[in-house]
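Each chain is listed here by its residues.
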Amino acid sequence: MMFVLRMAVRETRSSWRRLLFFFICIAIGVAAIVALRSVIQSVRGVFGAEAKSLIAADVLIGTSRDWTAEARQTIERRLSDAGGAERTETIETPTMVRPADRSRPVAKMAELRAVQKAFPLYGRVDLQGGQPYTHALVEGHGALVRPELLTSIGVSVGDQIAIGQATFTIRGLVTKEPGRGMGEFSLGPRVIIDYDDLSSTGLLGFGSRARRMILVKMPEERVESLVLTLREDFKEEFINTRSYRSTEDQVGRDFDRAENYLSLVGLIIVILGGIAVSSVTRVFILQKIRSIAVLKCVGARSGQIIAVYVLQVMTLGLAGSLLGVGMAQGAIAAIPLALGSSTSILAQAHYGVTWSAAVQGVGIGVLVSLLFSVVPLLQVRFIKPSLLLRDEATRRRSDWTSIGVLVAVSLALVTLTAWQASSLKVGVVVCSGFAGLAVILHFAGRGLITLVAPLASSRSFPLRHAVLHLSRPGNQTRVILLAVGLGAFFIVGVRSLQASLLSEFSIQVAADAPDMFLLDIQRGQADGMRAFLGGRPHGAGEFQLIPVLRARVVGVSGRETTLEGVDEVRQKGASLGREFTITYRDHLEANERVVEGAFWSGPSPDAEVSIERVIAERSRIHVGDTMRFDILGRSISPRVTSIRDVEWREARNGGFVFVFRPGASTISWSDSRTSRSSTSTRCSRRFATSCRR
Amino acid sequence: MIELREVSKTVMSGSEPLTILHPMSLEIPHGRFVAIVGPSGSGKSTLLGLIAGLDAPSSGEVLIDGVDITRLDEDALARLRGEKIGFVFQFFHLIPSLTAYENVAVPMEIAGAADARTRAEMLLEEVSLTGRAHHYPSQLSGGEQQRVALARALANDPSIVLADEPTGNLDSANGRHIMELLRKVHGSRGTTVVLVTHDAELAAMADARLVLRDGRVVENTLEHTLGLRPIDRLGVVPGGVEGRQGHGEQPEGPLVLSSSKKEPTR
Chain R
1 MMFVLRMAVR
11 ETRSSWRRLL
21 FFFICIAIGV
31 AAIVALRSVI
41 QSVRGVFGAE
51 AKSLIAADVL
61 IGTSRDWTAE
71 ARQTIERRLS
81 DAGGAERTET
91 IETPTMVRPA
101 DRSRPVAKMA
111 ELRAVQKAFP
121 LYGRVDLQGG
131 QPYTHALVEG
141 HGALVRPELL
151 TSIGVSVGDQ
161 IAIGQATFTI
171 RGLVTKEPGR
181 GMGEFSLGPR
191 VIIDYDDLSS
201 TGLLGFGSRA
211 RRMILVKMPE
221 ERVESLVLTL
231 REDFKEEFIN
241 TRSYRSTEDQ
251 VGRDFDRAEN
261 YLSLVGLIIV
271 ILGGIAVSSV
281 TRVFILQKIR
291 SIAVLKCVGA
301 RSGQIIAVYV
311 LQVMTLGLAG
321 SLLGVGMAQG
331 AIAAIPLALG
341 SSTSILAQAH
351 YGVTWSAAVQ
361 GVGIGVLVSL
371 LFSVVPLLQV
381 RFIKPSLLLR
391 DEATRRRSDW
401 TSIGVLVAVS
411 LALVTLTAWQ
421 ASSLKVGVVV
431 CSGFAGLAVI
441 LHFAGRGLIT
451 LVAPLASSRS
461 FPLRHAVLHL
471 SRPGNQTRVI
481 LLAVGLGAFF
491 IVGVRSLQAS
501 LLSEFSIQVA
511 ADAPDMFLLD
521 IQRGQADGMR
531 AFLGGRPHGA
541 GEFQLIPVLR
551 ARVVGVSGRE
561 TTLEGVDEVR
571 QKGASLGREF
581 TITYRDHLEA
591 NERVVEGAFW
601 SGPSPDAEVS
611 IERVIAERSR
621 IHVGDTMRFD
631 ILGRSISPRV
641 TSIRDVEWRE
651 ARNGGFVFVF
661 RPGASTISWS
671 DSRTSRSSTS
681 TRCSRRFATS
691 CRR
Chain H
1 MIELREVSKT
11 VMSGSEPLTI
21 LHPMSLEIPH
31 GRFVAIVGPS
41 GSGKSTLLGL
51 IAGLDAPSSG
61 EVLIDGVDIT
71 RLDEDALARL
81 RGEKIGFVFQ
91 FFHLIPSLTA
101 YENVAVPMEI
111 AGAADARTRA
121 EMLLEEVSLT
131 GRAHHYPSQL
141 SGGEQQRVAL
151 ARALANDPSI
161 VLADEPTGNL
171 DSANGRHIME
181 LLRKVHGSRG
191 TTVVLVTHDA
201 ELAAMADARL
211 VLRDGRVVEN
221 TLEHTLGLRP
231 IDRLGVVPGG
241 VEGRQGHGEQ
251 PEGPLVLSSS
261 KKEPTR
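Residue numbers (the numbering used here), protein chains in the order written: chain R, 1 to 693; chain H, 1 to 266.
It cannot be assumed that every hint is accurate.
To be verified - Distance ranges between label pairs, derived from CB positions:
id, chain 1, residue 1, chain 2, residue 2, range
1, H, Ser59, R, Leu455, 34 to 42 Å
2, R, Ser423, H, Thr118, 57 to 65 Å
3, H, Ala114, R, Gly404, 30 to 38 Å
4, H, Ala114, R, Thr401, 29 to 37 Å
5, R, Thr477, H, Gly41, 30 to 38 Å
Stated by the list, open to error - In silico negatives: residues of chain H with every beta carbon more than 10 Å from chain R:
id, residue
6, Glu6
7, Thr46
8, Asp55
9, Asp75
10, Glu83
11, Glu109
Keep in mind the hints are simulated off the structure, nothing from the lab.
Just so it is clear, the structure is predicted and the values come from calculations on it, not from any experiment.
Virtual Cβ for every residue (Gly too), placed ideally from N, Cα, C.
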């Protein structure tokens with residue numbers, strides 16, 4: 001053992017320069033793993049600590065309808081049964097905000113939040129300039145707004161703004177508020193007003209997109225039982241109940257996915273480093289052949305010699321990993337600098353290398369060093385001491401031990417990958433992909449050597465020898481091709497994934513794409529809006545009013561599918577359980593195509609609906625089936641008369657899963673409309689310009 | 001005792017078998033100084049490799065102190081070499097990443113000797129390289145490297161020293177110096193020395209001679225010299241080297257190897 005230790009120290013002392021590349025490969029890979037994991041864990045820590053302030057309550061009961069008397073009674077009873085709880089109510093709705101001064105024709109979409117005196121139950125509302133938040137600031141038609149609203153519509157603190165039919169005075173600027181999480185989709189800046197003042201705006205009519213919430217603060221141990229009880233109570237109604245833990249769990253799952261994905265990226269970087277390690281080890285052993293032969297000549301067994309180099313590799317792997325942890329620490333230290341004075345929840349995280357990330361990184365670094373060097377190190381067994389008597393080439397050989405070790409190393413890599421991705425399937429797929437690619441690159445290498453072989457008879461000395469070097473014994477052609485090929489594949493893969501995700505989330509801005517959407521236009525506002533947009537001063541050229549309502553499927557009666565009630569639709573209705581935005585019209589849009597049945601040609605008093613193909617297939621709904629919808633409390637049972645294919649990427653006018661035939665007298669369709677205007681006219685540009693001013 | 005029984009070596013040369021050593025039998029009793037001589041390609045080094053267990057014979061048995069080494073696996077052979085055989089090569093074959101001291105200490109460390117440090121220092125002193133102990137092979141001259149190699153060969157106090165053209169890469173003065181050291185080792189420790197050389201003058205220093213030609217033994221003086229101690233033939237006495245006298249060139253270092261100092265401990 002002393003021999004192994006001493007030789008490992010001596011070899012490391014003498015060959016550390018040659019193994020510097022080995023060292024750096026591992027360090028970079030480990031730095032990637034440790035930095036990515038640590039950042040995710042740091043951010044996750046903030047979310048864990050702030051889970052209650054993310055929803056500003058222990059329990060959140062929400063609905064997009066008016067609270068019915070029965071629902072309120074049930075909630076009261078359950079809260080009373082739970083031993084009493086503190087509560088407050090809020091209503092949130094997207095709406096347009098403009099200066100009260102009508103001579104300034106600018107407007108900005110905002111997210112309105114009406115709050116009661118007890119708000120917030122958790123967390124705090126921070127106002128710019130250190131102004132303390134009290135409910136008195138919003139009482140009597142006061143408003144607190146995000147600073148960006150001021151510049152958007154050209155107002156300042158103390159000015160008046162119009163929201164719906166009411167006027168409010170800006171009394172402060174909100175920099176932070178509970179219940180608004182990181183990265184949440186936002187239609188516009190926040191505006192906070194008093195709950196009691198909301199009715200004066202006229203924004204709560206039928207078809208309103210308002211979401212009503214009851215926030216509850218209660219003892220920790222009763223939270224989950226209350227949530228379960230209320231969910232059972234409201235399983236047939238459109239009332240959702242969730243606890244801060246649900247948010248925490250959801251955020252946790254999101255972070256798990258992010259952490260696993262990024263860890264996998266880090267691991268792949270380490271594996272690429274591992275391929276380099278394998279190559280370096282192979283060359284290193286080739287350079288050490290005579291020394292190994294001497295050691296065998298003076299009594300060393302193959303096992304002892306392999307142990308020397310394994311120890312050396314692990315020492316270098318450990319040192320490289322520790323350097324990687326240091327590099328990660330350096331990179332993470334720069335994050336607060338990059339965030340600057342951001343008020344985002346990200347800025348609240350305490351960034352640093354976490355112990356678990358460091359331990360994992362170091363473990364992976366050492367393990368990958370070992371796994372990728374053990375196969376080339378096994379060649380030590382085939383080095384004969386007789387080569388000291390006469391020059392003889394040591395050829396690469398394989399035996400059952402080598403094959404067994406190779407299989408063990410492959411299994412260890414799959415396990416390592418599966419561990420980092422938290423999925424055996426992902427581990428197998430990633431490793432299989434690497435193996436497949438390695439085989440392709442191997443043959444590509446052979447093909448390349450064959451292809452350039454005729455150049456070996458070139459008259460050019462450098463070219464001739466360069467080509468010959470590619471196929472000389474001990475050449476690294478295939479290994480280099482493998483490392484570069486896998487590296488390029490990895491970079492292209494990550495970049496493609498990034499581009500694909502960005503393209504999924506980005507809105508295609510085509511020449512004919514609308515440059516403005518006006519939402520939540522109320523029944524009484526439609527004609528005024530039409531006149532406003534069509535009028536000469538603000539003429540928007542092309543525009544289209546699209547009726548939209550929010551609806552839920554509450555039943556299906558069909559050939560294959562029969563669902564009765566909200567609960568059954570939620571449980572068994574595939575994708576039908578959520579709330580849908582629906583419309584009616586008498587024509588197909590350019591991005592739609594009927595694949596089954598026939599689309600109507602005009603209004604009819606009979607209720608008919610056309611369904612999008614994917615959801616029809618998923619829910620096994622066919623032409624001729626009858627569906628039952630709850631549209632903001634009103635019921636309609638249309639017959640399915642057509643199934644449409646919708647090209648969602650080209651959905652200029654918003655894609656709709658359910659399109660109804662106009663003319664049904666059951667409900668009024670004109671309560672909520674969306675206006676779409678085109679950029680193609682001079683007037684619309686003026687309108688946009690005035691908005692920006 | 002080294003014993004070869006009907007040992008032969010045949011290799012494939014392309015698709016044709018090529019016999020390097022024809023079947024031969026011989027015995028080298030303990031304490032002999034034997035020179036294997038012959039022209040290039042006569043099979044000298046192959047024979048040395050078979051004796052050392054570095055190579056496997058195509059047929060026959062090789063016995064070292066009664067143990068048939070052809071039946072041993074690689075690890076057992078390595079262990080046997082570490083315990084019983086010391087090597088001196090034409091090209092020294094020191095490990096370049098180790099100092100002179102470390103090169104000498106390595107065989108003892110492999111064998112697990114507790115006093116490796118002391119013994120390595122003692123051996124370096126015996127070959128007059130105390131001052132160069134912490135130099136790397138690249139910092140030593142050829143003669144110094146070969147003396148380190150000789151010290152390494154003696155590290156575990158082997159009963160056999162196999163020397164393959166030990167002077168072939170040295171100038172004549174250093175060559176003689178190494179030969180004198182070998183003779184000294186043989187004389188003072190009673191070590192069996194098998195020397196491969198094509199130099200008749202060097203071969204004459206041995207107490208027996210085995211001449212090979214085309215893989216066959218054409219002359220074997222082992223039988224004639226049985227019972228004759230090398231110390232009698234070469235005039236080497238403990239503490240001095242008379243054999244050096246009469247040569248014009250001076251080797252790089254003094255010849256001090258002496259048997260009077262110690263009986264190596266393991």
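Starting from the hint list further up, note which numbers the structure goes against and sort them upward.
Structure breaks hints 1, 7, 8, 9, 10 and 11.
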